[in-house]
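Visitor: The task is simple: from the sequences and hints, build the whole structure.
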Amino acid sequence: MGRLAGRAVLVTGGSRGIGRSCVELAAAEGARVAFTYRANTAAAEATTAAVRATGVECLALQADGTDRSQVQAAVQAVVEAFDRIDVLINNAGIIRDQLMVAMEPDDWDAVLATNLGGTFHFTQEVAQPMMLQKAGRIINLSSAAATQGGRGQANYAASKAAIEAFTRACAVELAPKGITVNAVAPGLIETDMSREVRSLAGDRIREEIALRRFGMPEEVARVVLFLASDEATYITGQVIHVDGGLRL
Amino acid sequence: MDNNQVFDEVRAIILEALGVDEKEVELKTRLIEELDAESLDFLDIVFRLERSFGIKIPRGEIERNARGGLSDEEFEDNGMVTPEGLEALQRVMPEVDPIYFKDGLAVRDIPRLFTVETFYNIILAKLAEQGRP
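In order, the protein sequence lines correspond to chains A and B. Here the first sequence is numbered in my numbering, starting from 13 and rising by one per residue. Here the second sequence is numbered in my numbering, starting from 480 and rising by one per residue.
For the record, the hints were derived by calculation from the structure and aren't laboratory data. Each residue gets a CB set at the ideal place from its N, CA and C atoms; glycine is no exception. Treat the hints with caution; some may be incorrect.
A few chain B positions that, by computed beta-carbon distances, are all more than 10 Å from chain A [stated by the list, open to error]:
no., residue
1, N482
2, D487
3, L494
4, I511
5, F532
6, I534
7, E540
8, E555
9, V571
10, P573
11, R591
12, T597
13, K605
Within a straight-line C-alpha distance of at most 27 Å, the following computed DSSO-like cross-link-like pairs (lysine-lysine) qualify [claimed, not checked]:
no., chain 1, residue 1, chain 2, residue 2
14, A, K146, B, K535
15, B, K605, B, K535
16, A, K189, B, K535
Guide: Now the structure itself:
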């Protein structure tokens, strides 16, 4: 029996990177898994196929987290398919790096809308079924950028710091209904999203990581799933850093 | 569904949402003052009522209806319910003891007046709107 046997899990942005690892590990722990993706149908199909090959139910839902009606439809589809929703992993996020002084307002807006707005929309939509169940786990993906100024990441850093504040506020509000809300803040992880940063400044950054290496998506996913499991019943409103000891 | 069955269901939902002892919940029981309900509990109760009775109670509708059709300016002054507002409240919430509708009632304290019967009446009105017995 896996640690998430029978649980219904929704991962946003689950077709690639850390999200995909969360989908695959949750399935391996016995969960019924749904994930959203925005546009990359090929990646979504690959993730679905990988999970189904292990004999586990998996639902891929195309949804843009900035569009409330699409978020609503995705959450409804999960509840209809699994009859409940136990875990929400708010992972979907984008970067539009640029020095703040040169940043296009559209890039500011897009990052805030996807990273912070999407987290809000999904959290609000799952809160109702979770309240009715009197149980739920919400795990938000933050970033080391939330607390460590990153050049060219004013929009991304602001969105992630806001997600941490949102996490604490939601934890306080939802605790009486048996719902925990936590965040995981990864450092530099080997994903498509961080490829450019790693190739431009990888050696310098590696020097600043105590473990002297970048993280793997599954090393983040394992912490996310710990927070979703029965091993984390007394943790809420926390941010767990998974960064190999970045700038300690 | 007759009115007794509606009341039993509303009561069961309030018991479930608040996790309180059955003996504590009667028609006139005040949810905040007597059962320690918080604002999130009201939403929880609304979610459960919607599911159980197959109805929709749009967010904010209960607060809006409590104003009895008055504008914000007519209903409140600096966060306090006006005399006209008190009359409207009393008309809309006949289940509440009139002693609570007095000068000095703050708008933020209106939910303190809500009783089990408030929700029971809301459901009866919703069912009547739908032509359901």
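Visitor: Confirm or reject each hint.
Guide: The hints, checked one at a time:
{"no.": "1", "hint": "N482", "in the structure": "25 Å, holds"}
{"no.": "2", "hint": "D487", "in the structure": "19 Å, holds"}
{"no.": "3", "hint": "L494", "in the structure": "13 Å, holds"}
{"no.": "4", "hint": "I511", "in the structure": "14 Å, holds"}
{"no.": "5", "hint": "F532", "in the structure": "14 Å, holds"}
{"no.": "6", "hint": "I534", "in the structure": "15 Å, holds"}
{"no.": "7", "hint": "E540", "in the structure": "16 Å, holds"}
{"no.": "8", "hint": "E555", "in the structure": "26 Å, holds"}
{"no.": "9", "hint": "V571", "in the structure": "26 Å, holds"}
{"no.": "10", "hint": "P573", "in the structure": "30 Å, holds"}
{"no.": "11", "hint": "R591", "in the structure": "18 Å, holds"}
{"no.": "12", "hint": "T597", "in the structure": "20 Å, holds"}
{"no.": "13", "hint": "K605", "in the structure": "18 Å, holds"}
{"no.": "14", "hint": "K146(A) - K535(B)", "in the structure": "21 Å, holds"}
{"no.": "15", "hint": "K605(B) - K535(B)", "in the structure": "8 Å, holds"}
{"no.": "16", "hint": "K189(A) - K535(B)", "in the structure": "22 Å, holds"}
The structure shown violates none of the earlier numbered hints.
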